[in-house]
Amino acid sequence: MHTSQIYWQDFIVKKTAHFIEYFILAVLIFRALKQSTEYSRVVLILLTLLVTVVYASTDEYHQSLVPGREPRYRDVAIDSLGVVTASVLISLRKLDILIDL
499 MHTSQIYWQD FIVKKTAHFI EYFILAVLIF RALKQSTEYS RVVLILLTLL VTVVYASTDE
559 YHQSLVPGRE PRYRDVAIDS LGVVTASVLI SLRKLDILID L
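Counted from 1, the sequence shown has number 553 at position 55 by my numbering; the numbering is strictly sequential.
There may be inaccurate statements among the hints.
[Said to hold, decoys possible] Okay, the calculated beta carbon distance ranges per label pair:
#, residue 1, residue 2, range
1, S534, Y505, 38 to 46 Å
2, Q507, L544, 34 to 42 Å
3, S555, I597, 19 to 27 Å
4, L548, R570, 19 to 27 Å
[Stated by the list, open to error] With a cut-off of at most 27 Å between alpha-carbon atoms, the simulated DSSO-like pairs for lysine-lysine come out as follows:
#, residue 1, residue 2
5, K592, K513
6, K512, K592
7, K592, K532
Bear in mind the hints are in silico, worked out from the structure with no lab data behind them. By construction, the Cβ of each residue, glycine as well, lies at the ideal position given by its N, Cα and C atoms.
All chains, please: the whole structure from these sequences, using the hints.
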């Protein structure tokens, strides 16, 4: 296997994991806010988007402080894509079975 193939496989696995992690984080934050507040579903989704995207951004900032790591806007975008996907599915009520546990 060529080095470039290994790099791309590693890249895809890691970025897919980040997408899934932030998808799950968004669902959990939405669920926690729903159970602890009386806000409308739209406000809850907006708060979920805000909290998770800010968290993704601060996580990348944190990486700038770690030797050997560097922040990337691309990573915030991939994390945010997981959040947006979860938010769309929540707004379409496709994840209610997870949220109403």
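Here is how each hint holds up against the structure:
1. S534 / Y505: 38 to 46 Å: With Cβ atoms ~43 Å apart, the hint holds.
2. Q507 / L544: 34 to 42 Å: The hint (34 to 42 Å, Cβ to Cβ) holds, given that Q507 and L544 are roughly 36 Å apart.
3. S555 / I597: 19 to 27 Å: holds, 25 Å
4. L548 / R570: 19 to 27 Å: For L548 and R570 the Cβ distance comes to about 21 Å; the hint holds.
5. K592 / K513: Holds, because 24 Å separates the two Cα atoms, which is no more than 27 Å.
6. K512 / K592: holds, 26 Å
7. K592 / K532: holds, 16 Å
Comparing the model with each earlier hint shows no violations; every hint is respected.
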